[in-house]
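As given, the protein sequences belong to chains A and B, one line each in that order.
Per this note's numbering, the first sequence starts with residue 22, numbered consecutively.
Per this note's numbering, the second sequence starts with residue 22, numbered consecutively.
One or more of the hints may lead you astray.
The list treats identical chains as one, so a pair stands whether inside a single copy or across any two.
[Stated by the list, open to error] Calculated cross-link-like contacts (lysine to any residue; reagent style SDA-like; alpha-carbon spacing at most 25 Å):
id : residue 1 : residue 2
1  : Lys402    : Arg89
2  : Lys308    : Asn231
3  : Lys464    : Ser91
4  : Lys308    : Asp95
5  : Lys261    : Asp286
6  : Lys345    : Val73
7  : Lys181    : His487
8  : Lys107    : Asn396
I should point out that these hints are in silico values taken from the structure, not numbers from a laboratory.
Protein chains: 2
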Amino acid sequence: MASLLRTASLARPSISRSIARPAPRIFTSTILQRNYASAERSFFPDEPEAPVVKTPIPGPKSTKVIERLSKVFDTRSLNMVAEYPKSIGNYIADPDGNVLLDVYAQIASIPVGYNNPSLLLAAQSPEMTSAIINRPALGNFPQHDWADILETGILKVAPKGLNQVFTGQSGSDANELAYKAAFMWKRQQERGGAGVDFSEQEISSAMNNNSPGAPGLSILSFRKAFHGRLFGSLSTTRSKPIHKLDIPAFDWPQAPFPACKYPLDQYAEENQAEEQRCLAETERLIKEWHNPPAAIIVEPIQSEGGDNHASPNFFRGLREITRKHNVLFIVDEVQTGVGATGKFWAHEHWGLQDPPDMVTFSKKAQTAGYYFGNNELKPNKPYRQFNTWMGDPARALLFRAIIEEIERHDLVRNTAVTGQYLYEGLENLAERYPKEIANLRGKGQGTFIAWDSPRRDEVLKLAKGHGINIGGSGEMAVRLRPMLIFQKHHADLLLEKLEKIFKS
Amino acid sequence: MASLLRTASLARPSISRSIARPAPRIFTSTILQRNYASAERSFFPDEPEAPVVKTPIPGPKSTKVIERLSKVFDTRSLNMVAEYPKSIGNYIADPDGNVLLDVYAQIASIPVGYNNPSLLLAAQSPEMTSAIINRPALGNFPQHDWADILETGILKVAPKGLNQVFTGQSGSDANELAYKAAFMWKRQQERGGAGVDFSEQEISSAMNNNSPGAPGLSILSFRKAFHGRLFGSLSTTRSKPIHKLDIPAFDWPQAPFPACKYPLDQYAEENQAEEQRCLAETERLIKEWHNPPAAIIVEPIQSEGGDNHASPNFFRGLREITRKHNVLFIVDEVQTGVGATGKFWAHEHWGLQDPPDMVTFSKKAQTAGYYFGNNELKPNKPYRQFNTWMGDPARALLFRAIIEEIERHDLVRNTAVTGQYLYEGLENLAERYPKEIANLRGKGQGTFIAWDSPRRDEVLKLAKGHGINIGGSGEMAVRLRPMLIFQKHHADLLLEKLEKIFKS
């Protein structure tokens with residue numbers, strides 16, 4: 022298959038156009054391959070056949086939009102102005118008539134395509150409009166059908182072993198809520214169980230932000246991790262200085278994340294040694310750090326930090342160590358969750374016997390929170406884990422519609438299959454353009470693929486001119502984060518455009 | 022007016038029914054007063070005439086809902102199950118057919134009534150459905166009309182002197198984003214200006230959560246303050262131990278909040294002395310605290326902490342002190358904002374010459390964030406104040422519709438007028454039931470009214486049986502947080518029911 026692909030990608034002249042018009046029946050392997058991809062049923066029949074680039078980006082209309090917006094909104098991180106009503110499926114439109122294949126998807130947060138018709142139906146339903154205009158304080162006044170919305174939505178896709186959820190509003194929020202649950206669990210154990218009440222000293226010291234009421238406990242995270250940007254989550258984020266500079270932080274420990282060589286299987290032995298080193302250091306920090314960890318948190322694939330992978334063995338090792346030392350194991354699936362890696366949850370790749378204690382989610386779920394199974398993670402009193410909104414039924418309804426769309430089109434399987442196809446295409450490109458694609462990674466991880474590029478920022482910029490919206494991560498990684506509706510014909514198009522960029 | 026009211030409230034037999042049916046024209050002051058209230062045009066003509074209480078709450082159907090929900094969701098803080106599609110205006114319905122006058126309004130977060138028809142139109146608009154299904158990463162890919170949505174919505178009601186906004190997702194989030202802006206501003210000054218780059222030492226120490234990169238700075242807050250429950254905001258929250266216990270906190274200072282006597286004007290001299298004491302202690306902490314404050318944050322009326330008021334003089338004093346010591350002044354209007362106090366923003370009552378540096382909002386805005394005016398509060402580089410969603414255009418569109426509804430019906434004025442009417446009715450009740458209503462407060466503050474009750478929790482519970490949904494704050498306060506569409510005839514009904522409770 023790889024060799025066949027290699028032939029195919031050597032001559033990929035106008036594949037995009039062949040999607041709509043039947044290709045002439047010339048029986049070369051190139052064309053056969055092309056037909057294989059183009060013959061698939063598109064999830065979005067009205068998608069454009071190919072990107073349309075009419076102007077430099079930003080074009081004149083976008084420039085006007087940016088000028089006006091700059092007066093009231095920080096536009097220095099602006100990538101491109103979007104016109105969402107004109108966007109469709111995998112394609113993002115701008116005010117100048119440019120329509121780009123979007124493999125960044127709002128920083129990995131659009132799951133099933135722009136203007137997905139099933140989501141549109143859900144958004145127009147009476148349930149949704151009620152949820153928008155009558156937003157409840159869920160902890161106090163939950164709506165009569167909240168159990169039903171949870172059971173047919175968020176909880177339907179709960180990771181194995183975790184049958185409860187606490188809902189929140191963003192990835193940072195989800196992680197901090199999980200940290201709070203971890204601290205309450207740890208202190209309850211230290212106190213002697215759920216039945217033991219707080220001491221007077223705990224009560225008075227908590228009000229002064231002092232120990233023991235505000236305990237000197239910590240969350241252990243990993244170097245280059247990204248877990249959010251609020252004060253607790255930012256204390257566990259170790260991705261880039263720009264994320265952290267000038268913000269006070271907790272004195273919490275960071276363990277080394279394995280610096281693996283890619284492809285992982287080719288360097289299995291070296292990587293195993295590196296992972297063992299990191300596991301040993303993690304264990305040492307759990308035992309010795311002066312603010313003892315109540316939990317460790319890890320991403321299945323470090324995303325913002327540069328798309329860093331480790332083997333299932335490493336993560337199983339973390340589960341063992343945390344179990345051994347009575348520390349909770351939190352898996353941050355904010356970016357990896359909801360199908361992108363070819364499993365619904367990326368940690369399903371690990372073959373854990375014993376599930377994580379908590380799994381956090383956001384982004385493609387379009388709602389956020391943490392799953393848990395152990396009843397001891399429920400605080401012993403009400404109002405300990407609480408806030409006004411405690412999530413959002415409107416976004417929970419949307420996630421339910423997303424889940425139905427994923428099931429209807431078998432999109433997790435699609436992502437696994439398309440991801441493999443894309444990965445093989447990229448392997449081929451990497452062989453031919455070794456200076457452009459280094460450390461290709463994400464094999465067997467759906468479309469969650471990345472590589473290092475010595476001219477990363479230039480490549481991302483050039484891609485726009487070729488009609489591709491693509492993102493980076495870490496210092497030099499190009500990261501692919503297409504939607505779950507990304508198909509082989511989109512992969513062909515992406516590979517073709519990348520080759521053009523590499524040639525330029 | 023107060024004496025007239027006193028007469029009126031002595032005999033208030035079936036006012037609720039008189040709203041729809043014209044009252045017989047008997048010319049006593051009692052009836053005149055009643056007619057005055059009942060003759061007003063209702064904002065919700067289809068509202069019930071009065072609460073309907075068919076079963077104890079929870080009734081049999083709600084009990085079933087709670088049993089099912091308890092398996093997947095923490096219901097220990099549940100107050101009542103709501104059926105929102107059947108709720109309307111000021112009335113909240115439950116599955117058992119009970120319909121209660123709601124003066125708690127989802128912890129003060131419903132602005133213009135359940136199932137408000139104008140909001141329904143906004144929720145069904147193509148703009149809204151697009152915003153729901155195509156949620157952007159606003160910092161990278163803002164929609165083409167984002168400036169327009171901001172200018173015709175959130176920014177249209179920006180507090181005087183603050184013409185920019187950073188949007189977020191909840192009150193806690195809004196406050197933490199403001200804290201981050203404050204820390205970056207302070208460190209930039211210490212560093213020598215926006216043009217001075219980070220040092221190597223700052224960069225490396227930030228990645229290790231250590232000073233100077235993660236500086237030993239603080240946010241000063243006040244005793245009994247509530248600013249949220251994430252890690253940074255919780256470090257400034259000092260309301261109740263249950264909010265803080267077992268959660269690690271920053272070593273940040275708390276100043277005393279004036280323990281004023283009510284009514285404020287009656288004890289003006291004593292209160293002034295108390296406020297001066299608190300201002301002096303605030304100034305001392307700013308000068309001496311080992312982690313110097315970059316900002317102080319204060320609520321115009323401490324809400325969760327028990328509805329604690331202070332005079333405009335106190336807040337003007339805070340503005341002076343912060344200006345004097347080059348510390349930012351953040352006003353937390355999460356609960357007080359958007360009309361509830363009879364001004365759009367509660368801090369308008371203070372008559373400040375010099376605006377606050379930042380004003381945070383959420384709840385009734387149905388979206389969240391902080392306003393600011395000074396360009397120096399914009400971090401000197403992109404991606405410093407950033408996250409994936411950075412707010413939510415769907416909720417920004419809803420806030421715009423809320424603002425339009427407020428303007429159309431002059432609801433801030435309504436709240437001021439109704440609030441005065443309600444306050445006078447409560448003054449009258451307090452005279453006649455001095456054991457039930459102590460420390461009545463909120464005069465001239467719209468419907469943002471509270472009092473202390475020695476049997477607070479019992480009163481709140483009894484109120485349900487009389488068809489009123491009402492909340493508490495602090496240890497013993499009954500807090501009224503009706504919506505902006507709360508009118509005099511609702512006030513009459515509330516006063517009548519309260520009297521029945523006090524008699525029971």
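Verification of the hints:
1. Lys402 / Arg89: between (50 Å within a copy, 20 Å between copies)
2. Lys308 / Asn231: both (23 Å within a copy, 21 Å between copies)
3. Lys464 / Ser91: Cα proximity of lysine 464 and serine 91: none, with 41 Å in one copy and 42 Å across.
4. Lys308 / Asp95: Neither. Shortest intra-copy (44 Å) and inter-copy (33 Å) distances fail the 25 Å Cα cut-off.
5. Lys261 / Asp286: neither (28 Å within a copy, 54 Å between copies)
6. Lys345 / Val73: neither (56 Å within a copy, 57 Å between copies)
7. Lys181 / His487: neither (42 Å within a copy, 46 Å between copies)
8. Lys107 / Asn396: neither (47 Å within a copy, 34 Å between copies)
Comparing the model with each numbered hint stated earlier shows that hints 3, 4, 5, 6, 7, 8 do not hold.
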